[in-house]
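Going down the list, the protein sequences come from chains A and B.
The opening residue of the first sequence carries number 1 in my numbering; numbering runs sequentially from there.
The opening residue of the second sequence carries number 1 in my numbering; numbering runs sequentially from there.
Careful: at least some of the hints might be erroneous.
[As the list claims (entries may be wrong)] Simulated pairs of lysine-lysine, DSBU-like, Cα-Cα distance not exceeding 30 Å:
(1) Lys-115/A <-> Lys-173/A
(2) Lys-76/B <-> Lys-381/A
(3) Lys-381/A <-> Lys-58/B
[Unchecked claim] Some chain A residues judged to face chain B by a derived CB distance under 7 Å, without partners named:
(4) Asp-365
(5) Gln-368
(6) Val-371
(7) Arg-372
(8) Glu-374
(9) Ala-375
(10) Glu-378
(11) Gly-379
Since the hints were made in silico from the structure, they are not lab data.
Given the structure is predicted, the values throughout are model-derived calculations rather than measurements.
Heads up, the beta-carbon is just placed ideally off N, CA and C, and yes, glycines get one too.
The primary structure of each chain is shown beneath.
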Amino acid sequence: MRPEIMAEVEGLRGVNSVKIKEASEAGKKVVGMYCVFSPQEIAMAADAITVSLCGTIQAPIEEAEKELPRNLCPLIKSSYGFAITDKCPYFYFSDVLLAETTCDGKKKMYELMSKLKPMHIMNLPQTANAENSLELWKKEMIYFKEFLEKQFGVEITDDKLRAAIKLLNRERKAMKRLHQLNAHKPAPLSGMDMMLAQWLKGFNVDKEAGIELIERLTKEVEERVEKGIYAFDENAPRILLTGCPIGSGSEKVLRILEESGASVVALENCTGYKGLDVLVDEDKDPITALAEKYLSTPCSCMTNNNGRLDLIERLAKEYEVDGIVDLTWQACHTYNIESFTVKNFAKDVLNLPFLQIETDYSDSDVGQIKVRVEAFLEGIK
Amino acid sequence: MYSVGIDVGSVAAKAVVFDGHEIVAKEIIPTGWSPKESGEKLFEMVTSMARVDKNEIKSIVGTGYGRVALSFIDRKVTEITCHGKGAHFIDSNIRTVIDIGGQDSKVIKLDEKGNIIDFLMNDKCAAGTGRFLQVMAHALEIDVSELSQIGEGATPETISSMCTVFAESEVISLMASGASKEGIAAGLLQSVCSKTYTLVSKVGVQNKVFFSGGVSKNYLLREFLSKKLGVEVFSSELSQYLGAIGAAVIGYRD
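Please model the entire structure based on the sequences and the hints provided.
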């Protein structure tokens, strides 16, 4: 049984696309973003609305493939397809786009996309550990701040940054609390609902209302735990899902896992827990604090990326998982190669069954994935 | 008491009756257009062969891609788990199972109890599967069962394409340029061997290695695999029934 508030959460999709239109027409500036490395706080301190841009649906890929290679990650193709077909209201109403140099595919796609809208690119260091990485990333924060100040004719003060940091930390804390509810055995919220709640927050135009909704959802779920109402029975294998981001339309593997009887309790990916784990230090100089927080993101485009293994280990223990599933989008080299490391880590260090699935947004391999997932779960029971 | 295991694959449907100790009846028929009908027919066939009354059957377990179409079974189990259990039943020393069927190829790694430690399955394409060999045999105008016999002792031609469609054009060009049927047949089996080898290497080969599924009837491919892996690859007359055997064993014991 599903929490009642989930209907309201799902409704956000329609609500937000109307709200973004109203806000834009009322003269509010909109900054469209793609990545969990994007410092939303800086845009918010410029009095702009920040939104995630669409990129989790198969439909626009056909159009994108007219310009992009077919053998490319579906997330990049879908994002670009949405942009060129104007089917994403958030892209349409974005005044500027924020891009970042994560993987090669995204970098080169952004070069094409930058012809459609004013775009600012943040140069992400290749490693989070090097001596100069933080300095470089701090400078990138300042460049982005200066870009917005010029574009929007505003001044981004430290006070405004601090206020934005506090607000987004509250959002992170609220989402984190929701996520951590599933550390309970059995899990009270399905992985599908958890994914939806976390993914939809990216489109929230009104942050305060979004936080309030998540808090109400958390409360409802907590009450259900007290009454002993759970999403799955206690024998359902508990799965940690890691790897590439997922959203509505690209939830195939998550859905198959749960339809096959698993309870996906933790979403380690960047649409799940990854971005929530570390808060921004509210006492430090805001730019330094932001640079530190975003640089700590354990993404596979970083080399090395041992932070991901640490997070997986922590989540695997906290959520008492029975197995790890690593989702890789087709042609995502960084996650695909890293999967070998994650597999060895899962098997040798955590002693947990591990399954990698490489796929795209289409339904062409659903049958095969089902066999693999079912066999994997049969092995766990 | 008895259990029945039914494995409805993309090409052939297999069923066995198990009495808790041994396989007392087995049958194989083409799956045809309806996995449901062939499954039902097969069930009637094996139970009457074994002279087993319906109320003596404690469990019917279905596996294979057609398992979802069978309405009369008690349980569905994936072919991966079934091949693992089946291999363990045949010989408890088996640690690696290479299963190549009509549309899937899989490598399964087992522990000493027959539990699956790891497995890999081909991606959504027919490279290295029985279907690949069937299409190629068709291009050579021979039956798929003749590939080993024809290719034996021949110097393999290089088939560079893994894609079934492109490999077919490659076979046709090779024939046009005067290459021998024998050499092409051997080359095709080499090509499946190397594709399978990649899959096995990713899981890591552990002795004893057993070859199951319809393609295991291909003794030359088995020889190639043994050579390439550097260990003997075993097979038996029950190889094609491995999934059905595993299903029956699971049905009897669990």
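Consistency of the hints with the structure:
1. Only pairs whose Cα atoms come within 30 Å are accepted, and Lys-115/A paired with Lys-173/A is rejected, the gap being roughly 37 Å.
2. A threshold of 30 Å between alpha carbons decides the hint, and for Lys-76/B with Lys-381/A the separation of about 14 Å falls inside it, so the pair holds.
3. Using a Cα cut-off of 30 Å, the hinted pair Lys-381/A and Lys-58/B holds, with the two alpha carbons roughly 22 Å apart.
4. Hint status for Asp-365/A: holds, given a least beta-carbon distance of 4 Å to chain B, under 7 Å.
5. Restraint check, Gln-368/A versus chain B: the minimum CB separation of about 6 Å is within 7 Å; hint holds.
6. With its C-beta approaching chain B no nearer than about 5 Å, Val-371/A sits inside the 7 Å limit, and its interface hint holds.
7. Contact between Arg-372/A and chain B, as hinted, is supported at the beta carbon level, the nearest pair being about 6 Å apart and thus within 7 Å.
8. Satisfaction of the interface hint for Glu-374/A is found here, the shortest Cβ-Cβ separation to chain B being roughly 5 Å, below the 7 Å cut-off.
9. With 7 Å as the threshold, the beta carbon of Ala-375/A comes within range of chain B, its nearest partner Cβ sitting at about 4 Å, so the hint holds.
10. With its C-beta approaching chain B no nearer than about 4 Å, Glu-378/A sits inside the 7 Å limit, and its interface hint holds.
11. With a cut of 7 Å, the hint placing Gly-379/A at the interface with chain B holds, because the nearest CB-to-CB distance is about 5 Å.
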